[in-house]
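Engineer: So the chains spell out like this:
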Amino acid sequence: MRARVRIPATLYAAALADLKRPHAFAAERVGFMSARVGNRSGDPMLVLATGYEPVADDHYIEDDYVGARINADAIRANMQRILDTGEGSFHVHLHPHRGAPQLSRTDRREIPRLVKSFRPVGPGAAHGIIVLSEDRALGVVWGPGEPEPIEADEITVVEWPLRFLGGRR
Amino acid sequence: MTTINERFVRQSFLSADAQPTLERAVVGLVGLGGGGSHVTQQLAHIGFLNYETYDPDAVEASNYNRLIGVLDGDVAARTSKVEIATRVIKDLQPDARVGVHRRRWQDDPGPLRGCDLIFGCVDTFAARHELEVFARRYMIPLIDIGMDVHQAGNEPPRMAGQVILSLPGGLCMTCIGFLTEEKLAKEAALYGAAGGRPQVVWPNGVLASTAVGIAVDLLTNWTRTSRDVVYLSYNGNDGTIRPHVRLQFLEGVECQHYPECEVGDPVMRWSSSTEAEASVR
Amino acid sequence: MSFPDDQIQELKAMFGSVGQGVEAGVTYFLLPGLTLPEGCTPSSTDALLCPTPRDGYNSRLFFADRIQSRHSLNWNAVGVRILEHNWNAFSWQVNRPGLRLAQLVSAHLGAL
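Chains as they are written, first to last, in the working numbering: chain A, 1 to 169; chain B, 1 to 281; chain C, 1 to 112.
Calculated from the structure, these hints are not laboratory results. As the structure is a prediction and not an experimental result, all values here were calculated from the model. Treat the hints with care, as some may be off.
Lysine to any residue pairs mimicking SDA-like chemistry, simulated, CA-CA at most 25 Å apart [as the list claims (entries may be wrong)]:
hint	chain 1	residue 1	chain 2	residue 2
1	B	Lys-183	C	Ala-102
2	B	Lys-186	C	Asn-86
3	A	Lys-116	A	Arg-163
If we take Cβ atoms under 7 Å as the criterion, some of the chain B residues that face chain C in the derived model are [said to hold, decoys possible]:
hint	residue
4	Pro-56
5	Ala-185
6	Val-201
Heads up, the beta-carbon is just placed ideally off N, CA and C, and yes, glycines get one too.
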């Protein structure tokens with residue numbers, strides 16, 4: 001099975017603008033992109049972004065060993081949003097370089113735990129992580145009910161011009 | 001034998017990234033008649049490699065005056081329009097992947113959802129509306145083309161057409177006044193009585209070429225002009241194609257018909273038989 | 001467009017569960033497994049009510065199937081895609097303004 005992520009231009013711009021803002025102590029910022037599923041029983045599954053929520057400044061924990069650590073309030077607020085809307089949630093952050101971003105060791109360890117906490121409140125939705133760079137992106141998607149994640153085939157910003165940010169395709 | 005790079009050297013002005021972008025894009029083609037067959041041929045020449053083609057019909061004798069790729073004998077052989085399109089593509093791009101759907105897209109929409117871009121080359125306002133609703137739901141840019149010929153009294157026939165880009169987040173066909181409830185109602189009243197509409201090859205060529213140019217620009221940004229709506233009006237009597245006058249009055253207008261949050265598989269709100277509060281299922 | 005909750009409750013009281021969906025700004029009501037009048041084949045099917053003007057009709061009732069009934073019907077909407085399903089409707093104009101949602105459904109069913 002394949003997954004494709006589509007992001008409206010306005011959301012992409014909002015996410016980038018937020019993630020580029022400096023924080024008092026965190027080296028990176030984090031946000032959550034909400035998304036609906038399309039073509040859920042087909043191939044590719046579509047992840048269609050519908051909103052972006054920054055993590056509040058006071059929801060970060062100071063930690064010199066990682067780029068950003070967010071607290072339980074941030075997670076709870078996001079879980080509430082999932083519950084209220086039925087939409088999935090994708091952890092989003094930015095690597096400040098050009099070219100294809102990669103998951104860090106922290107991402108590989110922490111994101112499955114995060115998704116595990118999202119799934120009970122949003123079982124019909126897709127959840128995961130999107131890592132942006134200046135010009136590319138990486139998406140890892142846990143589809144509804146799927147035991148294993150898949151790397152997004154393509155991440156597209158829907159605007160003029162269409163921007164293909166990368167993926168396995 | 002020519003190499004692939006050599007084939008496209010004359011379009012290298014599009015940019016260094018252009019050819020890989022065009023080759024990886026998945027294009028949906030809905031309607032493979034006079035307009036759609038022109039589009040198909042041009043896309044194949046340019047080097048697009050991934051297609052999902054939809055048309056339920058076999059070619060008829062009346063298609064010969066305009067259906068690109070039709071050959072003598074296709075009517076007798078009852079060749080379908082999707083087969084003709086596939087033949088045109090494969091004759092130019094043997095490695096192209098062509099999804100062949102000899103049916104209405106509504107009866108097999110899955111592959112169309114995976115497209116990066118859809119060309120709508122359909123016959124009716126209702127068909128355009130349905131396709132646009134679908135394209136907006138799955139965040140897919142839709143390029144629509146169509147033409148018609150009207151005759152009033154003793155006046156010469158008036159030939160007109162349109163090329164419209166409906167870009168998610170931008171103005172839709174209802175915003176620009178192309179689709180109206182009045183047109184849809186009038187068309188519904190004529191259901192079954194319309195008969196064969198006048199159709200000829202050269203306006204289809206103009207409209208298809210224009211549409212393909214828009215698609216290539218949308219994908220490669222070679223003109224570096226940003227647009228969130230395209231509505232071009234074709235006058236077949238004087239051979240001109242120009243932005244529709246209505247666009248001048250739509251600056252600053254935002255589409256209210258397709259909120260960006262209403263995407264994805266539909267969500268029904270259910271009223272249970274015992275509770276007053278609706279729950280999302 | 002929103003509809004009064006009492007009319008929606010009335011729909012579900014008369015016809016069982018009711019789903020509400022919005023597409024391109026139009027609200028539709030889904031009536032799964034709607035029982036059809038006697039003499040119809042099938043005897044029940046999913047139905048979708050569009051209570052607002054569409055295609056030149058003041059309202060329309062779409063069905064998952066093309067129904068055989070005692071009356072000859074002009075099925076002028078066939079395989080129309082709404083809310084990611086295909087629907088069918090016969091030509092029937094309900095010209096009585098002010099009908100409640102449940103009354104609209106009955107008015108359309110009366111043609112079968």
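Engineer: Under 7 Å is the threshold here; is the Cβ of Pro-56/B close enough to any Cβ of chain C for the hint to stand?
Structural biologist: violated (10 Å)
Engineer: With chain C as the partner, please determine if Ala-185/B meets the hint condition of a C-beta pair closer than 7 Å.
Structural biologist: At about 3 Å, which falls below the 7 Å cut-off, the nearest Cβ of chain C leaves the hint on Ala-185/B intact, so it holds.
Engineer: Lys-116/A and Arg-163/A were given as a pair; does the straight-line alpha-carbon distance stay at or below 25 Å?
Structural biologist: violated (31 Å)
Engineer: Checking one constraint from the list: CA of Lys-186/B to CA of Asn-86/C, max 25 Å. Satisfied?
Structural biologist: Holds, at roughly 22 Å.
Engineer: So, Val-201/B near chain C? Judge it on the closest CB pair being under 7 Å.
Structural biologist: Since the shortest Cβ distance to chain C is 29 Å, the answer is violated.
Engineer: When you check the alpha-carbon spacing of Lys-183/B and Ala-102/C, does it fall within 25 Å?
Structural biologist: With Cα atoms ~29 Å apart, Lys-183/B and Ala-102/C exceed 25 Å; violated.
Violated hints, listed in ascending order, are 1, 3, 4, 6; each of the other numbered hints is respected by the structure.
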